[in-house]
Amino acid sequence: MKGYKVKQLLRSTNGSLLRSVWQPRLNFSTTSRPLSSLVSFTKFQDVDHSYQLTLNDLATRNCLSVELVSSAISHLQKASQMDDCRIIVINTPANHTVFSSGHNLKQMRQCVEQQNEAEWKHIFEICSDLLISIQNQPQPIISSLHGIVTAAACQIAAASDMAVCTKDTTFMIPGLALGINASRPAAELAKSMDKSGVKLGMEMLLTGNTISAEKAYQHGFVNHVCQSYDEMQVYLTRLCTTIASKSKFGIQRGKKCFYEQSSQPNLKTAYPIASEYMVEAMLHTDTQQKIQAFFNKNK
Amino acid sequence: MKGYKVKQLLRSTNGSLLRSVWQPRLNFSTTSRPLSSLVSFTKFQDVDHSYQLTLNDLATRNCLSVELVSSAISHLQKASQMDDCRIIVINTPANHTVFSSGHNLKQMRQCVEQQNEAEWKHIFEICSDLLISIQNQPQPIISSLHGIVTAAACQIAAASDMAVCTKDTTFMIPGLALGINASRPAAELAKSMDKSGVKLGMEMLLTGNTISAEKAYQHGFVNHVCQSYDEMQVYLTRLCTTIASKSKFGIQRGKKCFYEQSSQPNLKTAYPIASEYMVEAMLHTDTQQKIQAFFNKNK
Amino acid sequence: MKGYKVKQLLRSTNGSLLRSVWQPRLNFSTTSRPLSSLVSFTKFQDVDHSYQLTLNDLATRNCLSVELVSSAISHLQKASQMDDCRIIVINTPANHTVFSSGHNLKQMRQCVEQQNEAEWKHIFEICSDLLISIQNQPQPIISSLHGIVTAAACQIAAASDMAVCTKDTTFMIPGLALGINASRPAAELAKSMDKSGVKLGMEMLLTGNTISAEKAYQHGFVNHVCQSYDEMQVYLTRLCTTIASKSKFGIQRGKKCFYEQSSQPNLKTAYPIASEYMVEAMLHTDTQQKIQAFFNKNK
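If you read the protein sequences in the order shown, they are chains A, B and C.
The numbering of the first sequence is the working numbering, which starts it at 1 and goes up by one.
The numbering of the second sequence is the working numbering, which starts it at 1001 and goes up by one.
The numbering of the third sequence is the working numbering, which starts it at 2001 and goes up by one.
Isolated chain A, as found in the complex (with noise of 0.2 Å):
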């Protein structure tokens, strides 16, 4: 049903959108299909203030192109000032088998048969683009994993602040059988080391063999497995209903001074950090009202 609902409202907001949306940061000549034919990504509003991001290009397996990358991030940017958009979910419809199989290969090939250095500079710049996006977004971001997770798309799932998958879900980093994405996801890897287990990331690199769904939770890549996509969007709605009756004005600034602080070696250089933030909450009207209005109920 819910699936059914995400894909009906893809195709009706298709189009249009989506070339207005990617052309401005598309400043170069990659696209190897038809503009018309894209139906890279879309989003819609959900009845708990949660948007989903939809990853929608079936054709190449959702593949991270210059235009899909494009478009992700200019939804996130037009979110970021979107009043009542509370949490964003990356997801994919229901009928899909590959969440994303990560670089776009094709892309790539045309740039070694023409030699075109900056545009590589290009591709993997953008990629870098979305991942910081994710991470500087003001609304937390729920990866919700269905199907093969290749490569740069585990970047994906990384960056966000929670994820959830399906039971069949699964992970891999196939780029050096080919010598390719030899460091693209080492930055993944590195990046997530803290969650995962630098020995296992590394085995993900040099191996290429596929991580299952349980094996991500037990290292904490994943918040929680589903038996379904059913009801991944079942438990979904639950989490964003929970996450959208705090404050927003708390979550905004906890995400910010989290990853803030996560870059601080110790803690004596961590806390002042904290203290900071902390007394701006507490100069917020918003925080001081819910406080007095604590203690009024409970008085």
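In short, the hints are calculated from the structure, not lab data.
Be careful, since some hints might not be right.
Computed far set for chain C versus chain B, every beta-carbon distance over 10 Å [as the list claims (entries may be wrong)]:
hint : residue
1    : I2132
2    : N2209
3    : K2268
Now the in silico label distances, taken between C-beta atoms and shown as ranges [as the list claims (entries may be wrong)]:
hint : chain 1 : residue 1 : chain 2 : residue 2 : range
4    : A       : A293      : C       : T2269     : 36 to 44 Å
5    : A       : N95       : B       : H1224     : 43 to 51 Å
6    : B       : Q1227     : A       : L283      : 43 to 51 Å
7    : A       : S212      : C       : S2080     : 31 to 39 Å
8    : C       : E2214     : B       : Q1227     : 14 to 22 Å
9    : C       : T2242     : A       : S263      : 31 to 39 Å
10   : C       : F2295     : A       : S263      : 55 to 63 Å
Some chain B residues judged to face chain C by a derived CB distance under 8 Å, without partners named [said to hold, decoys possible]:
hint : residue
11   : L1058
12   : I1132
13   : Q1135
14   : M1162
15   : T1166
16   : G1220
17   : I1243
18   : K1246
19   : G1254
20   : L1267
21   : Q1292
No residue lacks a Cβ here, since even glycine has one placed at the ideal position from N, Cα and C.
Once you've looked at the hints, dock chains B and C against the given chain A.
Showing chains B and C alone in chain A's frame:
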């Protein structure tokens, strides 16, 4: 039995000791209860050279008031000079169902009403002082958790060198519901991200949901889960006896070296620090005598 | 069978090779046994392009003597220039019940008796050199652990890119009983804290208690636990075959990029490094040919 003995000692050593202890650090008039009713904190010496730092402010569910925190810091300062103190266990009496309820909302509301920003800062800074004191303490500090561990109290467990808990202990960071504690728990989470996982930390921050003792154990947040409060006392006695049998000098320098190196970004910067500590250890008379004794024994 | 072959090769390549190998780095007269009895270290070439670096000093339970460590470093240095060496496995013969007993207490006692501080420094520095060499090595290094892994030897496992062990393998850091090794294991623990957990590391340091293979696996300290020594050989052969099928250039640069980025505090500083490595990979002839071949095959 053990729990009873603890409570007896709490009663007999309270009052005058506490007042003289925390007054020097209490520069602000935030106390909302008469001093004589404060039973916020005490300690007793155990047979196995461990000292128990017992949170004992039942009326406020051991909230981290300026008084309780000041008292704790003061005890740690004195303990750092005590020759016979080998290990410090932070715990609560058996009848407490809350290990600690986190920040003192009443003191915070007072600050809000008086728009007393300096006092807010003091509340957050003194909590930072306690957590940094825990890592600076020459003795190992073990958190012995029982009941609900809320928000800022999770930081005490995270900052401790080791932690054990009963199987019904739960962990939560509910502050975002009020918009407060948005950044402080974020500090705790960022700090402990290597242990319990970034994504689990974000989940606790964003949802306020309760985490079980079992999940805390799986993510390395506690070292051991005991079946009951009494079993935990037995476990701790055995643990402290083991630790107390080791070289006191070695533990003191080992702990310092441990956290100093944790701040280093990689092996190349971390190992020179370790080498210096190792040479220092070899120059110490205690170490040299123990090595000689080891060889004499094994001749 | 496999174990037997290893030992045969050890015997036939010993002696002259070893003496010429480690002598250049041995600037201090710490050797307490005649050189001819040293069977500290060797290697052999396997069918699947992996080289086995076998710790073989049974008499001292593979303690990390200056001789053994110098020999290991020397072999790694040579291997870094060998074109056919794709993977290095650090292991022990099947009949050893101790993977390594850690630092050489006899050499340390000699230093104590002679008050030879320069030699102490040398012992610690050369161990650091070995561990840094493991991460600097262009080939992936897999620790194959069997038996007791003590103190400084835990560092070898931690510094390796991957690690497997038999189910009866145990890990311990007993040094604090003597007051020695207080800081060196702390270095190891701090270094591997992202993997095995700060609190588990502190527990090992403070108690000296043994950690099982199962617990090591749960905390991501090893990638896989095998039922027996023989099964581990089969597992390693399959693992090395998989890794050797990947791009050699990709693995070499991927490993370097992995650790370089691990030193970075956050995404914003880590990704530019990754992007540079990615562009470099695309400019490499090997990568370009493999991408073209991939598309020709899938036409």
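Cross-check of the supplied hints:
1. Against chain B, the non-interface label of C/I2132 is violated: not every CB pair exceeds 10 Å, the least being about 5 Å.
2. Against chain B, the non-interface label of C/N2209 is violated: not every CB pair exceeds 10 Å, the least being about 7 Å.
3. At roughly 15 Å, the least C-beta separation between C/K2268 and chain B is larger than 10 Å, which holds for a residue marked as non-interface.
4. For the hinted restraint 36 to 44 Å between A/A293 and C/T2269, the CB-CB distance of approximately 42 Å keeps it satisfied.
5. For the hinted restraint 43 to 51 Å between A/N95 and B/H1224, the CB-CB distance of approximately 47 Å keeps it satisfied.
6. Distance hint check for B/Q1227 and A/L283: the Cβ-Cβ separation is about 46 Å, which falls inside the suggested range of 43 to 51 Å.
7. Between A/S212 and C/S2080 the Cβ separation comes to about 35 Å, which falls inside the hinted range of 31 to 39 Å.
8. One distance hint, 14 to 22 Å for the beta-carbon pair C/E2214 and B/Q1227, holds here, with the actual separation near 21 Å.
9. Remark: the range hint 31 to 39 Å for C/T2242 to A/S263 is upheld by a beta-carbon distance near 35 Å.
10. At roughly 40 Å, the beta carbons of C/F2295 and A/S263 sit outside the given window of 55 to 63 Å.
11. Annotation: B/L1058 was flagged as interfacial toward chain C, and the flag is violated, the nearest CB pair being 28 Å apart, outside 8 Å.
12. For B/I1132, the suggested interface contact is broken, since its CB lies about 16 Å from the closest CB of chain C, more than 8 Å.
13. The interface hint given for B/Q1135 is broken, as the beta carbon of that residue sits about 11 Å from the closest beta carbon of chain C, more than 8 Å.
14. Against a cut-off of 8 Å between C-beta atoms, the interface hint on B/M1162 holds, since the closest Cβ of chain C lies about 6 Å away.
15. At a threshold of 8 Å, the smallest CB-CB gap from B/T1166 to chain C is about 17 Å, leaving the interface hint violated.
16. Because the closest C-beta pair between B/G1220 and chain C is about 3 Å apart, less than 8 Å, the hint holds.
17. With a least beta-carbon distance of about 5 Å to chain C, the hint placing B/I1243 at the interface is held under the 8 Å criterion.
18. A cut of 8 Å between beta carbons decides the hint on B/K1246: the least distance to chain C is about 4 Å, and the hint holds.
19. Residue-level restraint check for B/G1254 holds (minimum Cβ-Cβ distance to chain C is 4 Å; threshold 8 Å).
20. With a cut of 8 Å, the hint placing B/L1267 at the interface with chain C holds, because the nearest CB-to-CB distance is about 5 Å.
21. This hint holds: B/Q1292 has a C-beta 7 Å from the nearest C-beta of chain C, less than the 8 Å allowed.
Checked against the numbered hints listed earlier, the structure breaks hints 1, 2, 10, 11, 12, 13 and 15; every other hint is satisfied.
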